[in-house]
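Construct the entire structure; sequences and hints are all you get.
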Amino acid sequence: MLRKPGTTPGITTPAALKTLRQHGPETLSDLQFLENWTTRPRYTAASVLRASQIRRTNPDLMNDITASMCKRGK
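With the numbering used here applied, the sequence shown covers 378 to 451.
Calculated from the structure, these hints are not laboratory results. A hint or two may mislead.
[Claimed, not checked] The calculated lysine to aspartate or glutamate pairs, modelled on EDC-like cross-linking and capped at a C-alpha distance of 16 Å, are:
(1) Lys395 x Asp407
(2) Lys448 x Asp407
(3) Lys448 x Glu412
(4) Lys395 x Glu412
(5) Lys395 x Asp441
[As the list claims (entries may be wrong)] Pairwise CB distance ranges (calculated):
(6) Cys447 x Arg419: 15 to 23 Å
(7) Ala422 x Arg398: 25 to 33 Å
(8) Arg432 x Gly401: 18 to 26 Å
(9) Arg432 x Glu403: 16 to 24 Å
(10) Gln399 x Tyr420: 28 to 36 Å
(11) Tyr420 x Arg398: 28 to 36 Å
(12) Ala444 x Gly387: 12 to 20 Å
(13) Pro436 x Arg398: 14 to 22 Å
(14) Ser406 x Asp437: 13 to 21 Å
(15) Arg432 x Leu394: 16 to 24 Å
(16) Ala422 x Gln399: 29 to 37 Å
All C-beta atoms in this analysis are idealised placements derived from N, C-alpha and C, irrespective of residue type, glycine included.
Okay, structure coming up:
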């Protein structure tokens, strides 16, 4: 798949992009998961556990991503 240089697939919110730059590519799957979770949550045991663990460790990031996704949806 071709993509524009300097872009990250699946990351759209400023908060997630900032976190990716600060903490590196090992956070990519968690950030993609959070962005998807805010718009289309899946209530499987694994998804709920993952979202709650990320939310507990970094509540500000979750709030920023949720706010960005809500603004985009309006």
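Fill in: List of violated hint numbers, smallest to largest
2
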